[in-house]
Amino acid sequence: MFNKVLVANRGEIAVRIIRACRELGIETVAVFSEADRNALHVRYADEAYLIGPAPSRESYLRADKIFDVAKKSGANAIHPGYGFLAEREDFAAKCAELDITFIGPKPSSIAAMGDKAEARATVIKAGIPVVPGTEDVGNMTNDDLLNIAPKIGFPLLIKATAGGGGKGMREVKSLEEMPTLLASARREAESAFGDGNVYLEKLIEGARHIEFQIMADSFGNVIHLGERECSIQRRHQKLLEESPSSFLDDEMREKMGSIAVKSAQAVDYVNAGTIEFLVDKDRNFYFLEMNTRLQVEHPITEMVTGVDIVAEQLRIARGRQLSYTQEQIKFNGHAIECRINAEDPFNGFMPSTGRITHSLLPTGPGVRVDTGVYPGFEITPFYDPMIAKLIVWGETRGQAILRMRRALEEYRIVGVRTNIPFHQTLMDSHRFMGGQFDTRFVEERFSMDDAIESRSSNAEIAAILATLVAHQQSELSAQRVRRNERDTSNWKWVGRWERMHR
Amino acid sequence: MFNKVLVANRGEIAVRIIRACRELGIETVAVFSEADRNALHVRYADEAYLIGPAPSRESYLRADKIFDVAKKSGANAIHPGYGFLAEREDFAAKCAELDITFIGPKPSSIAAMGDKAEARATVIKAGIPVVPGTEDVGNMTNDDLLNIAPKIGFPLLIKATAGGGGKGMREVKSLEEMPTLLASARREAESAFGDGNVYLEKLIEGARHIEFQIMADSFGNVIHLGERECSIQRRHQKLLEESPSSFLDDEMREKMGSIAVKSAQAVDYVNAGTIEFLVDKDRNFYFLEMNTRLQVEHPITEMVTGVDIVAEQLRIARGRQLSYTQEQIKFNGHAIECRINAEDPFNGFMPSTGRITHSLLPTGPGVRVDTGVYPGFEITPFYDPMIAKLIVWGETRGQAILRMRRALEEYRIVGVRTNIPFHQTLMDSHRFMGGQFDTRFVEERFSMDDAIESRSSNAEIAAILATLVAHQQSELSAQRVRRNERDTSNWKWVGRWERMHR
Amino acid sequence: MKYITTIDDKEFEIEIVDEHHIRIGDRLLQVNFEAVSGQPVFSLILDGKSYESYVYQGEEDWEVLLRGQQYQVKIEDEREKRLRAAAGGGVMEGGEFHLKAPMPGLVVAVLVEEGQAVKKGQVMLILESMKMQNELKAPRDGSMGRVRVKAGESVEQKQTLLSLH
Amino acid sequence: MKYITTIDDKEFEIEIVDEHHIRIGDRLLQVNFEAVSGQPVFSLILDGKSYESYVYQGEEDWEVLLRGQQYQVKIEDEREKRLRAAAGGGVMEGGEFHLKAPMPGLVVAVLVEEGQAVKKGQVMLILESMKMQNELKAPRDGSMGRVRVKAGESVEQKQTLLSLH
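Chains as they are written, first to last, in the numbering used here: chain A, 1 to 502; chain B, 1001 to 1502; chain C, 2001 to 2165; chain D, 3001 to 3165.
Because the hints were derived from the structure by calculation, they are not lab data. C-beta: ideal position from N, C-alpha, C; glycine also. Take the hints with a grain of salt, since some may be wrong.
Said to hold, decoys possible - Pairs of lysine-lysine residues, derived as DSSO-like cross-links and limited to a Cα-Cα distance of at most 27 angstroms, are as follows:
id, chain 1, residue 1, chain 2, residue 2
1, C, 2137, A, 173
2, B, 1151, B, 1281
3, A, 65, D, 3049
4, A, 173, A, 281
5, C, 2100, C, 2002
6, B, 1238, D, 3137
7, D, 3120, D, 3137
8, B, 1125, B, 1330
9, C, 2074, C, 2100
10, D, 3074, D, 3120
11, A, 167, A, 281
12, B, 1125, B, 1106
13, C, 2049, B, 1094
14, B, 1173, D, 3137
15, A, 4, D, 3049
16, D, 3150, D, 3074
17, B, 1281, B, 1255
18, C, 2049, B, 1004
19, D, 3002, B, 1167
20, C, 2150, C, 2100
21, D, 3137, B, 1167
22, A, 167, C, 2049
23, A, 94, D, 3049
24, B, 1065, C, 2049
25, A, 167, C, 2137
26, B, 1173, D, 3119
27, B, 1071, C, 2049
28, A, 72, D, 3049
29, A, 167, C, 2100
30, B, 1330, B, 1238
31, B, 1255, B, 1238
32, A, 330, B, 1330
To be verified - Label pairs and their in silico Cβ distance ranges:
id, chain 1, residue 1, chain 2, residue 2, range
33, D, 3010, A, 1, 32 to 42 angstroms
34, A, 1, B, 1171, 49 to 59 angstroms
35, D, 3133, C, 2027, 49 to 59 angstroms
36, C, 2029, B, 1325, 49 to 59 angstroms
37, C, 2029, D, 3159, 52 to 62 angstroms
38, C, 2047, A, 255, 32 to 42 angstroms
With the sequences and hints as input, model every part of the structure.
Here is the structure:
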């Protein structure tokens, strides 16, 4: 049984994993790039080792260096977090070879779910509904795809077989435009994943993205921890998640949950994983893909079930049985997570970098913040712009929204721009409050100008604030000039020298 | 029904109340002293008014000024928090007179429970066990007390009738020393409360301080939210609380809970209140007193019951029924609160003042921090040294202790000294872990030197750290001297000027 | 001191009367104004109402972030206003615009060619940074001047990418 | 540079070899040492082990707060050590001790009189501050010198309260 875990990640998720280890009395080893010497995961871990320069491919993606650190530190387990090496079958296989416990599923499960075409084929065999599209195909030519497309029907999506994060994805409205789009999708997939294979999927309109958290131990026990509603996205990047989904009732939850469990069983799954579904307007649901790792948005499930998912991952990896049966999982209240990104919502969500000079976290009842940053920390352009996750719990969805609004209002981050104003505007949106949204909502039916009422009522206050600050600054600079004048007259020579060297 | 609440308090509890109001869509009015212009409650409230100089009796205790602000701002309710005016019958009565909702019990309930002798008499009538002592007495002479003392038996306690916080309290071991102690107790009570009356109570040895949270609406519904174990004290000041108490079983919990409810009913209680009990080694329990207000340690009850006590206070004050029946109150897991005080545990818990220059809050799963301070805020000597409450939840007591240990390790406050090391040492204490403690534990059987093992193992690291810092500083100052030397040779005159003005 | 402050084309006349009072239009208001812990975060108590805001100087105007809304604020004192009135109030149009990289990154695509006419809002270039693709748009109509980068090139922050006439 | 560093009467010989190495006794260790965000909080990675500590200069010694323990650390370089050895190593005893108010407050009680003999640890005075009564104790045995305050008096921080011979 392992007693020292190497956390092969950075940022908030590395901190999250270190916390779980510490609470179980397990020692932790952090790895860091040159840009992350002062990162929180380095400060909190028991041990920390430099693994290379700032760019990920020279540090956090360098499996060889990570294994070196494991050897040097005596770490006998690795938690990959999410991203980086988390879904790399070869990495998990190499761990087994080196007799290091990989805290996650078996390499074969990662492989089976990592290739989208194979994953579809696998779950179809298990009788699980998938979005209609090309089946059982490894390498279809453009001609094959153009032949099949009309049978699937338009609009449809071209998706990269090795895909993720919207890369190599194209929406096709008609057969005419398809050849061009196929070419560009393949090009993008090739450059992003080194694999230009694509497949076709029917485009579900008005779809919701709803996913189920599952946990499986090595004794064949598999349970689900309910769903997460993740339809609030922008360019296929999730921005806000909530649990439960206001779109599901108990019956549908049970049905989808048991299918999620079945999907995991189909690949002999162990540890934590997530089954993503698309749900159409008529509540038909389709298997989309499985994420074979800890998910960014796992905390909302923790809030409504009381299960510490990361602690449970560690227990499972230590060869223990699940601490819960399906019957013991109870859902209590409602949780929402806002991803706080260093990007400017008033300027096309442009990423923002810089040093955080001041930060005030929202705290108090029902509020949790998972973050890897702190005042004095520098946000660099090398990594993901997500700098914190703000999670709230409320007895009802309404209470959770009001609490989130309160927490967003309290949250201050100075030094980089953040998307907090986006979330504030979203919390005030009637459609969001009413639960009326799909995965296109943010891009197509939402605008930062929606909050026009509160805008005009506060314009006068904004004018006063800016004027007071401008006035204060011009007073200050006037004083500075006056002081220098005096210096020059008394200490002519010195004053000049001082200015010269300022 | 009120829609604007004046919060007649400061610090973390004012922030706590403002948060609850905001989450219910109620407007908030803060009051502040000259020392608190930049305090968090001022920053978070919708409105804020200065009410006087820093000393409490010139600001937060000035009922007249607070009523002026209520009038000016149109606040139609007042939440007193704890301390200051919270248990002042005349203040509550004046609110009623001015048609302002007092968010708390009726003046008559405050009066009945505020006078310790009357409170004892009231609950005795309701058949509730009290610590043996003098009964039914308003003004006993020293002779009366000296006569009764042997009947109660030694050791016993002299306590101030109007008392609280250990003021005017003396422990008496024998009749011989009693006259001197009576005199000093009366003197202290007179100066602290303007009332020199005292009474006697048997000293329960090895006692635990266990209290029950009760909630009552104006329709006569009274429920309890379980107990809080508050035996970790120093000089009658609570330092750590937990819920549930490891000393109680379900049967005893039910019995004490129903007696707590009965005590509240005996004074026709409305809103939130706390019944304090002493429990002796043999699990006999005695009514100690009732706190007719929100309690500092209410969050641990919120963590294990899921009830938002402050929100419930507001609902009750708005004339609504309790949101829960006794049957709906379920206890889930274990919560611990550490009071983080600005005091130096390595120097007799001496209070510490100064500007907080840096602060890093523990966050993540199961951690809540209630605080009114932030980096840049100045801790002044005018108010209570409690600057934050660190609260954790775990599925079991063991998990909660491990989580608290993790959270304390993460918590950084620079600029003032805090008692965080005290709590860290406590978390490592075997007696604390085993639940073996009473109200004398911290003073009599605990020492900061208990952690002697970890001390010596880290001494070498401490030596290295100090040496590196000292070395760095001497290098820096050497550089400064060298730079000055060069300056002097090149710019003799300038260098001298620069040094003169440093 | 009197200021003319403009937000969303609306003008406010704000007079700083003394340390604790301002006049806006004909209303005299009590102000209590503080910077919070040496940051560009300001706490304002205005006739009892408490506000907190992030105020800083942008490229041209002041920027105010208040309750989830961002305001571009133009502030002129009386002297500046008079000068501008004397100049005829004409706002300068045209001139060359240089698109600079807002952050270090990788140029994924250049969507315009030299000499090409572009419309305001048209995407000119895609820059990848922090794992996100960012569209850089034309701030006004114009014709493309020199294009200094090509797809696949790494650029530094503030490096000039292309120019718009 | 070599230092002799003492904690709890235990001596450590620590040599700063270069920016990334120290020698303690005969072990050569790799160090990576950083101040965190300009505060007296230091992050030390020592042969891979990560420590964080609050280090500051006390009245005489250095103080280190590490993992819930506070250490008084005495640091001497070789020159200082030699000087002290030459002086015979005698530690100065006695001298007058002036008890100063550690913070502003109210004197609740003065428990000693001028001329009285006191023992180390004996409570000399009670000072109320932040609603707490604080006992100020004698740092060593001695006899009371001048008592400058009386019960009921308000005192400023660092005001001298009484002296001990």
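Which of the numbered hints above does this structure break? Hints 5, 8, 16, 19, 22, 37, 38 contradicted; others consistent.
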